[in-house]
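Engineer: Each chain is listed here by its residues.
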Amino acid sequence: MELLIIDDDPITRMALCALAEEWGFVPIEADNAQSALKVLEDPDPPHLLVIDWSMPGMSGPELCKIIRARDDGQFFYIMMLTGREGNEAIVEAMESGADDFVHKPFDYQVLKVRLKAGSRIVRLEQTLNQLASRDPLTQCWNRRMLDELRDNAIAEAKRKQTPLALMVLDIDHFKAINDNYGHPAGDAAIKHVVSVINHNLREYDLVGRFGGEEFVVVLPRTDTESAWGVAERIRAAIQFQPAIIDADTKIDMTISIGLAELNQEEGESGAELFDRADQALLDAKHQGRNRIVSAP
Amino acid sequence: MICDHERIRLISRNKPDLARNLIGLFLRELPNIKNEIEQASAVADAAQLAESCHRLKSALGNFVSPEFYQEVSALETSARNQTLTEWRAAWPQTDNKLKQLTEELHQMCR
Chain A
1 MELLIIDDDP ITRMALCALA EEWGFVPIEA DNAQSALKVL EDPDPPHLLV
51 IDWSMPGMSG PELCKIIRAR DDGQFFYIMM LTGREGNEAI VEAMESGADD
101 FVHKPFDYQV LKVRLKAGSR IVRLEQTLNQ LASRDPLTQC WNRRMLDELR
151 DNAIAEAKRK QTPLALMVLD IDHFKAINDN YGHPAGDAAI KHVVSVINHN
201 LREYDLVGRF GGEEFVVVLP RTDTESAWGV AERIRAAIQF QPAIIDADTK
251 IDMTISIGLA ELNQEEGESG AELFDRADQA LLDAKHQGRN RIVSAP
Chain B
1 MICDHERIRL ISRNKPDLAR NLIGLFLREL PNIKNEIEQA SAVADAAQLA
51 ESCHRLKSAL GNFVSPEFYQ EVSALETSAR NQTLTEWRAA WPQTDNKLKQ
101 LTEELHQMCR
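Heads up: the protein sequence lines correspond to chains A and B, in order. Here the UniProt record's numbering is used: the first residue of the first sequence is 1, the next is one more, and so on. Here the UniProt record's numbering is used: the first residue of the second sequence is 1, the next is one more, and so on.
What the hints contain is simulated information worked out from the structure, not anything from laboratory work. None of these values were measured; they are calculated from a predicted model. Be a bit skeptical, because a hint or two may be false.
[As the list claims (entries may be wrong)] One-sided and incomplete, this derived list gives chain A residues near chain B with beta-carbon spacing under 8 Å:
1. Asp9
2. Ala18
3. Glu22
4. Trp23
5. Val26
6. Gly57
7. Pro61
8. Asn87
9. Lys104
10. Pro105
11. Leu111
12. Gly267
13. Ser269
We put the CB at the ideal spot given by N, CA and C, even for glycine.
One chain only, chain B, in its complex shape (with noise of 0.2 Å):
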């Protein structure tokens, strides 16, 4: 489970409407941080590549578990820190997470 259904919970004060709105957002965010994330990653963008991170961390805060948010940070760190070949090895992982994610989100606003 990479959604964290008690800090949704907490964050919308248990409030059904204001936490579909809250997903809702975040989900038509995504994709755009996605792109963006894949684009400084294919030019090779560090400090791009480190901003979009920094994004994606920032919305994921309020969804996720401490383990994924771990994880984002620390690619955000691998950015800043220019280890890219690092950075790439390690995104494939977390991508995949992400649409796991989305699925989740899904599920919950159904």
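Looking at chain A on its own, in the form it has when it is part of the complex (with noise of 0.2 Å):
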């Protein structure tokens, strides 16, 4: 686990990352509060995090309070670190947003189990996270999950003015497979569908399951037209690549898919794209399944 270390003095920074990566940690450092929000900028930044109270510039709790203004909903574990001393110090860090609080200076072994135990908070908000932000068969996103980051999709690509493109895709006559085969036969022909979708998106798209059978993809930096070329080659290789259930079972499948582009003249929301792509799968699934139809 990396553990972001915070501190002025040159010295204690060393001292700090020898013991960290003693203990396990891989440590990163900054000799400032500024510094350190430009390495918690980062998409996948340290949730650990040590420091120190007194710096130039943004003090220790400032930079406390800086962090847990986020609204991004990623979790911090902080350790103020502090030659002050009294309650009143301690009352003032844990009011500015800090988890614990040590003294310098620090009892090596104090410190070690501290950390310890704010590694194994670290780890279990992790877990609570991927459980409430997963779905639990597929471990794509699930749909509340989806919504926020299609939602900030959305508004990257009027900020940077690049298209976006939404599919709603549902597997036809999804009931028949769960009467014909059973249950179990039809939670391995979602999971199969969701490898061929991921199977065809790039990194940056977003997979989530909305109900039963039916996703969401959304498809930043995408037009319609390139969009219709992502979701043929879905369509196509659900219907040409069956779930294999068994040595003896294969689950032949058609999806439909209704897709949208974000309309950024009209500035619309996240729940009006989705809307007019759900609707095209309406109309896919009218016109008689198996095909794509893309929203007006």
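Could you fit the two chains together into a complex? Lean on the hints.
Structural biologist: This is the structure we're talking about:
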């Protein structure tokens, strides 16, 4: 686990880094609050932090408050390190958002066990986050998380004036699969569909499971024409690659897809974009299934 | 003895190279910190003096006995309270101990 050490004193930083490495952490150094905030801008930043109280410029408690004001849902376990004494310092540190507090000069054994406790909490939080944001069967995003990620992607597309497309996919006659082969086979079929979808997407595309057999794909930096190409690859792959349940059982499937490109001129919202793609999916179903329909 | 050998051993996890690096870094930093302190004292800049004493205290925390750490902590408090006469009376004794510490650390590295 990465450990971000923020201290203006190079000697303390060097000592902390050496200890952190010995205790199995990967230390990252910052010599002031601004440098630390830059490190924390990374999409996958360190989540365990040791912050010195007194630093030139922004103090430890001020840095804590800024980190706690983030609204991206990321959890950070913050340990404040300070030469200040007395309960008032502890209260001020905790009120500014620190989770724990260690006096300088630190006792290395105390620091070790407290960092270990902090890392357990970070891991627990990451597990909870995973459980709260992923679909347990397919491990793609669940509806709540995909809505959030979709809206973030739309905000970025508007900011950068780049196109964005959204697809709603539904397995045709999925109830018949469950009825004919049983629910475990139905689950395997759903996992197969997600695997095919993932295989045909780029790293930054987003896939979510919206309902039993309905999926949503967000395609940043993609216009209708390119999205159609992606949709057709997925549709054809599902049609021609049956789900293999066991040596004797293969399930042929088809899917219908509705797609829509974000209408930036009218300031379309994520929910409105989804509604248009969903309507296009209904049209695809009404037109006979196993097809793609693009929203006007 | 100003230097806390046990603390240096613990903090460097008994690794002589790491101990030498930590001490080397401190010995390189110390003249700058002392210079900062003496300049702040000369112009009676209590806020800067407190910051510089804090910097010294942070660096010393890795090497010195609790008693000496507390002595420097008291200097920082004195500067924060703007009792500069008191501060100036106490500094020469601390400065002497810093010289003694420097000698002890040099000996450790030999």
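Engineer: Taking the hints in turn, state whether each one holds.
Structural biologist: Verification of the supplied hints:
1. Asp9: holds, 4 Å
2. Ala18: holds, 5 Å
3. Glu22: holds, 6 Å
4. Trp23: violated, 10 Å
5. Val26: violated, 17 Å
6. Gly57: Because about 11 Å separates Gly57/A from the closest Cβ in chain B, which is outside the 8 Å limit, the hint is violated.
7. Pro61: Since chain B brings no Cβ nearer than about 15 Å to Pro61/A, farther than 8 Å, the hint is violated.
8. Asn87: The hint is violated - Asn87/A has no Cβ within 8 Å of chain B, the shortest such distance being about 17 Å.
9. Lys104: holds, 5 Å
10. Pro105: holds, 3 Å
11. Leu111: violated, 10 Å
12. Gly267: Violated. Min distance 50 Å.
13. Ser269: violated, 50 Å
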